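**Q** Residues per chain are reported as follows:
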Amino acid sequence: MFKKYIYTLFLIFIFTLFFSKLAYAIEIIIDKGVEKPIPVAIVPFGWSQAANLPPVDIAQVISNDLIRSGRFSAMEEKDMPQRPTDFDGVNFRDWRLLGMENLLIGNLAQNNQGDYDVEFRLIDVYKEKQIAGFRIPSTQVQLRRTAHEISDIIYEKLIGIRGAFATRIVYVTVNKNPDGTKRFALQVSDADGYNPQILLESNEPIMSPAWSPDGRSLAYVSFEEKNSAVYIQDIQSGARQKVASNRGINSAPGWSPDGSRLALTLSKDGNPEIYIFHIASRTLSRITENAAIDTEPVWSGDGKMLAFTSDRGGNPQIYEVPVEGGQPRRISFNGTYNAGPEYSPDSKTIAVINGDRGAYRIGLLNRATGQVTILTGSRQDESPSFAPNGHMIIYTTTGARGNALAAISVDGSVHQRLALQDGEVREPAWGPFMNR
Amino acid sequence: MHLSWWVRIRSIWYALALHVIAAALLVFSFSFTDIIKPPHQDISIVNAVTVDKSQVDKELQRLKQEDEKKKLEEQQRLDELEKKATEEKKKSEDLKKQRLEEEKKLLEAKKKKEQEQKLREEEQKKLADLEKQKQELEKQKKLEEEKKVLAEAEQKKKAAELKKLEEERKKAEAEKALQAQLDAEAAEEQQQQDITLQQKIVAEIKSQVRRNFNQTGLPPGLQCKVNIRLLPGGDVINANVVQSSGNDIFDRRALTAVQKSSPFSSVPDDLEIFERIKIRDITFTFEP
Amino acid sequence: MSIRVLFFLLLSLTFYGCSSTEEVQDDASVVDQGRTMGEETDSQAYGAGEADRQGMSALDDPNSPLAKRIIYFEYDSSEILPEYRATVEAHAAYLAANQSVVITLEGHADERGSREYNLALGERRAESVSRQMSLLGASGSQFRVVSYGEERPAVDGHDDYAWSQNRRVEIIYR
Chain A
1 MFKKYIYTLF LIFIFTLFFS KLAYAIEIII DKGVEKPIPV AIVPFGWSQA
51 ANLPPVDIAQ VISNDLIRSG RFSAMEEKDM PQRPTDFDGV NFRDWRLLGM
101 ENLLIGNLAQ NNQGDYDVEF RLIDVYKEKQ IAGFRIPSTQ VQLRRTAHEI
151 SDIIYEKLIG IRGAFATRIV YVTVNKNPDG TKRFALQVSD ADGYNPQILL
201 ESNEPIMSPA WSPDGRSLAY VSFEEKNSAV YIQDIQSGAR QKVASNRGIN
251 SAPGWSPDGS RLALTLSKDG NPEIYIFHIA SRTLSRITEN AAIDTEPVWS
301 GDGKMLAFTS DRGGNPQIYE VPVEGGQPRR ISFNGTYNAG PEYSPDSKTI
351 AVINGDRGAY RIGLLNRATG QVTILTGSRQ DESPSFAPNG HMIIYTTTGA
401 RGNALAAISV DGSVHQRLAL QDGEVREPAW GPFMNR
Chain B
437 MHLSWWVRIR SIWYALALHV IAAALLVFSF SFTDIIKPPH QDISIVNAVT
487 VDKSQVDKEL QRLKQEDEKK KLEEQQRLDE LEKKATEEKK KSEDLKKQRL
537 EEEKKLLEAK KKKEQEQKLR EEEQKKLADL EKQKQELEKQ KKLEEEKKVL
587 AEAEQKKKAA ELKKLEEERK KAEAEKALQA QLDAEAAEEQ QQQDITLQQK
637 IVAEIKSQVR RNFNQTGLPP GLQCKVNIRL LPGGDVINAN VVQSSGNDIF
687 DRRALTAVQK SSPFSSVPDD LEIFERIKIR DITFTFEP
Chain C
725 MSIRVLFFLL LSLTFYGCSS TEEVQDDASV VDQGRTMGEE TDSQAYGAGE
775 ADRQGMSALD DPNSPLAKRI IYFEYDSSEI LPEYRATVEA HAAYLAANQS
825 VVITLEGHAD ERGSREYNLA LGERRAESVS RQMSLLGASG SQFRVVSYGE
875 ERPAVDGHDD YAWSQNRRVE IIYR
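Residue numbers (this note's numbering), protein chains in the order written: chain A, 1 to 436; chain B, 437 to 724; chain C, 725 to 898.
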């Protein structure tokens with residue numbers, strides 16, 4: 001019996017050896033995956049003072065960040081099989097059974113000076129290895145920001161690029177006064193909408209906020225003098241200077257990458273034209289000269305080009321012109337309406353408002369090919385602004401239900417509606433990376 | 437009556453003949469002794485046991501004469517008697533003669549009958565003997581034949597056995613060859629089935645890994661290879677990145693995709709099937 | 725649905741028509757209006773005299789053409805439609821007759837599309853009215869042109885009606 005078994009095995013062996021179409025080492029090509037949120041569990045941080053509540057629920061801040069990005073699914077605390085605060089306490093098997101891929105554990109401790117130490121580890125559950133681990137000293141005021149910085153690290157370690165959670169956004173809110181008139185406010189907040197700070201309030205419209213490259217100042221348009229005027233305001237001190245308040249429109253400030261200049265739209269000479277305002281010298285140089293509307297100038301990342309909207313061809317399209325001036329070149333051709341250009345951080349694409357048969361959507365204009373890829377699907381989407389990592393675009397969407405902030409990933413895979421606060425929120429602009 | 441007389445006379449004759457034979461035997465025995473013995477032998481020595489020949493002869497002569505005399509006398513008397521009888525008989529001779537002849541005839545017939553009987557018996561006996569002999573012969577022949585048959589049978593049997601052995605050997609060889617062929621065919625058929633099964637399992641593994649390969653945020657144009665060892669039942673052991681994409685996150689996603697797919701539910705538990713379909717060693721190439 | 729599509733198609737056609745001829749139209753209108761300037765000036769002068777006689781009261785008369793102070797526009801257009809010509813002429817005549825009067829022309833746009841572009845569009849509409857009134861005898865110094873773009877809608881809303889009410893130039897006397 002055994003002999004026969006051996007014989008059979010031998011035969012099979014011979015056959016498989018000589019005639020086998022059965023591959024010995026199987027090769028499987030995975031040519032396609034899925035686009036779905038990455039599972040991550042942010043375990044509540046250990047806290048040194050059991051008697052008091054920690055000043056900030058760091059894990060919650062991080063979870064919300066990651067969920068808001070659309071690229072992560074953060075496990076709810078009640079679903080967690082355990083709440084380890086150190087590496088040795090992690091029961092990997094339990095987490096794997098739940099399909100959990102990544103784990104963040106950490107501790108918050110107050111030191112003798114009253115400040116805090118935030119220590120954390122990001123762990124690969126399947127490899128059972130630490131991906132990253134840091135200790136970040138933090139004041140109480142900085143704790144939320146520290147949490148956002150941890151989110152940034154998680155994002156970078158799991159997605160591959162720097163997260164944009166520890167950034168700020170600026171936007172204009174519109175609320176009704178008791179008498180029915182409108183109240184405009186220019187506000188800056190953390191990227192998650194926390195810590196809003198009003199920089200300017202007015203019964204006249206406020207428009208077009210733009211971040212200085214260092215994130216310290218904002219340029220904007222205010223109608224407080226019954227006409228549009230461009231201002232630059234220091235966020236920290238609130239000090240501001242009027243940049244342009246000529247006859248006609250004074251609008252659309254766009255910072256040069258080095259922060260030394262502002263591109264503006266002025267119609268002081270009878271028609272909206274593109275100018276460059278040199279902040280230090282307060283001098284203007286005119287870039288365009290055309291009977292049509294030229295507006296919304298923005299600087300390319302290398303500081304060499306300006307993109308703007310012009311209807312010189314009959315309807316609004318995107319043009320590019322060298323900053324030193326020259327013949328503008330039309331770069332958008334898809335549809336009858338392309339406006340509101342915004343260079344991506346790598347300047348390879350330009351976000352635009354693409355109007356087509358009555359619908360206005362956010363599109364991505366490929367500078368090399370001229371093709372516009374439509375990212376959103378509503379009828380009235382406006383004011384695109386790139387996150388500094390280029391992964392997301394924040395914009396406004398208006399429909400029958402009113403206006404809302406929304407964000408979409410540049411690959412179109414993630415779409416989020418953001419509810420920052422009550423009232424109408426306009427013209428969000430995502431601030432740059434901020435180093436401590 | 438006449439018969440007893442006749443019988444008496446014959447017995448006398450028998451007695452006489454017996455005497456004569458005995459005497460003759462005696463004579464001849466002494467003669468032999470004499471011949472062997474040398475002639476000058478002392479008489480006294482033999483005195484006790486030997487008879488003087490001449491005396492014996494004389495005695496024998498005398499006995500003979502006496503006998504002959506008696507015989508003569510008896511003859512005379514018989515003749516006389518006969519004469520008388522003949523005379524007496526002569527009177528009823530015809531009747532007597534007739535009767536005698538009849539008797540004689542009867543006797544002869546009887547005798548003939550007896551003789552025939554005897555002949556017949558002898559014949560019968562002879563026949564029986566012959567028969568017996570024949571039977572004996574036949575029996576022997578039969579025996580011999582049987583023996584021969586037996587021997588032949590034995591020989592035949594031996595040959596048959598040899599032949600049978602040979603046949604069995606041949607048959608076994610043929611069976612073996614057939615079995616080998618069948619095994620080969622079975623193996624081939626099995627292999628076809630195995631290929632189909634392997635392909636099916638590979639397809640399922642592929643779709644499972646694809647479902648778990650999360651591309652979110654990954655840059656395009658990367659490739660890495662992950663090698664795994666499987667256990668029957670589909671549990672993954674020894675998952676390793678054997679060729680890195682150069683992008684740590686890409687590699688980790690690929691590895692996670694494979695590990696998260698463990699166990700591959702389509703992989704058979706049965707060790708023999710598992711071994712046959714060569715599913716133990718798999719290399720994944722991730723190139724989205 | 726199809727009606728809506730048709731509507732937008734018509735809109736776009738109108739838009740196409742306007743924009744493709746716009747530059748020519750600008751020149752044409754200059755020539756055209758230059759040729760008719762004499763006649764217009766007459767009527768302007770006449771109107772101005774009338775205004776002088778009536779004083780400021782004409783502005784308060786609800787039956788006066790001057791009571792109409794909003795000019796509406798088509799989508800992405802700054803062309804003054806014929807039905808508003810009388811209104812423009814009336815205000816132009818009044819301004820010509822009252823050289824000390826300064827008005828503000830407030831250009832507006834509906835909310836669709838880029839805010840900055842709409843700001844420029846509002847200005848273009850106001851400039852279009854201003855130019856027309858100048859051609860009709862008003863002095864350039866009598867206008868203050870302001871654009872609010874889509875920032876000050878007359879009607880809050882996100883439908884065709886709201887939009888049609890918001891594409892406008894308001895004539896404001898101070």
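Among the clues, some could well be false.
As the list claims (entries may be wrong) - Examples of chain C residues lying across from chain A (beta carbon under 8 Å, computed):
hint	residue
1	R839
2	A844
3	R876
4	V879
Unchecked claim - Chain A residues, not near chain B, derived (Cβ > 12 Å throughout):
hint	residue
5	G70
6	D124
7	G160
Worth flagging that the hints you see were computed from the coordinates, not collected in a lab.
The structure displayed is predicted, hence computed values, not measured ones.
For every residue, glycine included, the Cβ atom is placed at its ideal position computed from N, Cα and C.
**Q** Now look at each hint and say whether the structure bears it out.
**A** Each hint, compared with the structure:
1. R839: Nearest chain A Cβ about 6 Å off; hint holds.
2. A844: 4 Å, holds
3. R876: Hint on R876(C): holds, closest Cβ of chain A at ~6 Å, below 8 Å.
4. V879: Not OK, violated: V879(C) not within 8 Å of chain A, min 13 Å.
5. G70: 9 Å, violated
6. D124: With a cut-off of 12 Å, D124(A) comes too close to chain B, as the shortest Cβ separation is near 6 Å.
7. G160: 5 Å, violated
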